[in-house]
Amino acid sequence: MEKVRVVHYLNQFFGQIGGEDRAGIIPQMKEGPVGVGREIQNESKGRFEIVRTIICGDNYAAEHLEEVEPLILKWVDEIRPDLFWAGPAFAAGRYGIACGTMCKAVQQKLGIPVITAMHPTNPGVEAARKEMYIIETGDSIRDMKRVIPKMVALAQKILDKASIGMPEQEGYLPRGIRVNVRAEKRGSKRAVEMLLKKLRGEPFVTELPIPHFDRVAPAPPIADLSKAVIALVTEGGIVPKGNPDRIEAHNASKYCKYFIGDLNDLTGEAFQTAHGGYDPVYANDDPDRVLPLDAARLLEERGLFAKLYDYYYVTVGNVTAVASAARYGHEIGELLLKDGVQGVILTST
Amino acid sequence: MDELLIRKVRVQDVTFGERTEIIDHLLRINREELVRYLLEDSHLKSVEIKLARPGEKKRIIPVKDVLEPRAKSGGTSTTFPGFLGTAEPVGTGITCVLDGVSVVTCGKLVNFQEGLIDMAGPGAAFNLFSKKLNIVLVMNPVENLGKHEHEKAVRVAGIKAAHYLGQAGILAPFDEEIRYPVATCPELEIAYRGLPKVIYIDMVIAQGLLHDNYIYGMNAQGSLPVFLSPTELMDGAIVSGNCAAPCHKNTTYHQQNNPIVEDLLSEHGKTLTFLGAIAMPVRTTLLDKERMCTQVLKMIRFLGAQGAIVSEDGGGNPEADLMMLARLFEKEGIKTVLVSDEYAGRDGASQGLADVTPEADAIVTNGNGNQYVVLPPMEETIGHLEAIDVITGGHTGSLRSDGWIEMEIAGIMGSTVEVGSENLMTVAI
Amino acid sequence: MVKEIERVGLPAVQICAIVPIAVTVGANRIIRAIAIPHPTGDPTVGRREEFEIRENLLKKALDALCSKIEKQTVFK
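Protein chains in written order, with my numbering: chain A, 29 to 377; chain B, 31 to 459; chain C, 20 to 95.
Since the hints were made in silico from the structure, they are not lab data. Some hints here could point you the wrong way.
Rough simulated footprint, nothing fancy, chain A against chain B, three-plus residues with beta-carbon under 8 Å [to be verified]:
no., segment
1, 85 to 93
2, 371 to 383
3, 393 to 402
4, 449 to 455
Every residue gets a Cβ at the ideal spot worked out from N, C-alpha and C, and that includes glycine.
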């Protein structure tokens, strides 16, 4: 088998530079393997050769993406490896996002195959899985020994353009995409067999799962509005000007909380929309059109309800995975409940 | 009990000759005679007949419909009833089939929904038509002919050619004879008591030019759902006027050789009682959908069906009918399986159906029509290669300067056909 | 998200433009917004009128939070 020339992307920790305190280091490049890179070489019995290692601080990568990406691409393009390998990132969120982002760029802009690995809850997963294979890892570094061989095996298949099996077989995280395959039997036969199972009350598996939206029993209404604390929440992406926490324009990987206790009104100078799915003009002109703070304050003053909660929660509900949205809703609900809120008004676009 | 005898004449090669006949599995076609017959329609200016055999490096585009040569032997009815002078009921008697041959209607684009068939290369894997001896009618309409007349002219030409060639089969020795009993309801009840009764709902789109179907020669736009026995389908009771999209429109061939009918028949009398089929027109308004679906429900309740298979024709708004039927049937306790395909986007990440309902818990998918492929140039194009840039599945620039074609399989005839003739499927990874 | 907020026991009302989607996804209290790009605003009218519209929407929303309901309800 031919040698596979690999460029390996690592963060400051796995790059053996330092811990959280070094998360701000600028990108650097070393010829040959570093740390985990040597394990990759050993595991592949020398077939995978780490010709170059790129190390970047997780914070630096997150905060300076526009500079970091072109630099990484240059370092990769210079030597045209057969494969770009990022991580494994395990459960480290910023690292996972950096791995996913760099892999996406290398794959799209240089056309070089990529592979990475992380824990299922890593936010890097949602951001990258549709476009690449991400091997599933546990949440601790101890899983390294198990993960490296899986990455080597899948990477080899990708390079050989061999047919790649289902997530459970190959060890990658479900990609949330559907691909065409050839079945053993034609569609009509599968339909007849499915019907016979259904008629007999036997278990069967639908080939096209319908998204299932469960129902929740309505919560008890507010008994006395004049004594209630009301909170505003929005999926319309209204954020402080500059989007300091970088909520994504679509498929948001997070929600944020911002203080409005000292504000009576949202202005286009102080706030903006981060949502990429609708015409932003109206919201940027007057953010109250999406998060109705000014009217809420007025009604609070009039005594319709006791108090407007001092913070609002925001995310971007644009192509955001159903699972993510559910998780945010749950967490926000718990946080608000804990903080004495009695009712929530949520706006979405 | 009535019966239909299907007599298959296996054809292994085709050529042009002095007489249209089949001798020793070779089909000879009197080209001039067939062309003269088709040109009796004054709406056609010219008809060329070209041959495309499996493995030949030929590409056929744009394809409107595909039909199998079939003709009745004896009796007064004709295959493709309603188009050849009589609308007498079909489905009994003797029908001759030229097995291995199909008629492909081609020529000037009526509109942009027509498709492609490759006889070799990676594109050939996408449909069963690449394994047929294709008799391609390349037709040009007279000048300034309206689209409706153009569509009708090429559709009728295809039927005439399929019938004409089918007749050559009557005189040839047949290689296989299959007997299909045609029973009445009481007969089925007595014979197969205890076996679950199953009905097949064959959705047929009825929405206008190049989105039409014909039942006994009548445009389905004016029709309520109609009961058809499986053998009526075999005799061409449903003719396709639908072209949208090439990957999942049910061609006339697919209706004549309906695989759901075939596979239900092979279980008939053993694990289920196959009552028959209902052709259900699919219209665009909510009122019409409710009207059609509730009529179908009424019919199958009367028939006592316990299970149903529903196949889609086309995509998009017909999915509302699919879901409506699933809801209506399951509420009545009728176990339902839907047969469809999906448009999940080139990246496979999109929700593949336009409508959903929780009752649609048993779906067979025939593939994602957005799968992107690159097809090599062929030595010969029958028809008009440049049409690829405008047909569904293609786009401006689909035909590259090096002759390769980049397109979605949505443009390949029958690649994701929703009666389930192919074995393409989509899985979640 | 409102469904999950309601699931922890807090009444929550969703103001959104595409009401059928909120219904499909399972929100219990739904109010139709003005439009997708400005759910609680209307740039086609003057500021004063727009503010009144917003105020009324919020009043309706507060009403919805105080309403006892058995199933999903679109509040008019």
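Given that the segment 371 to 383 of chain B was listed as covered by chain A, double-check it with a C-beta distance under 8 Å for 3 or more residues.
holds (count 8)
Taking 8 Å as the C-beta cutoff, is the stated coverage of the segment 393 to 402 of chain B by chain A satisfied by three or more residues?
Our answer is that it holds, as 7 residues pass the Cβ test (under 8 Å) against chain A, meeting three.
Coverage of the segment 449 to 455 of chain B by chain A, judged on three or more residues with CB within 8 Å
holds (count 7)
Between the segment 85 to 93 of chain B and chain A, are there enough contacts, at least three residues with CB-CB distance under 8 Å, for the coverage claim to hold?
violated (count 0)
Violated hints amount to a single one, hint 1; each of the other numbered hints is respected by the structure.
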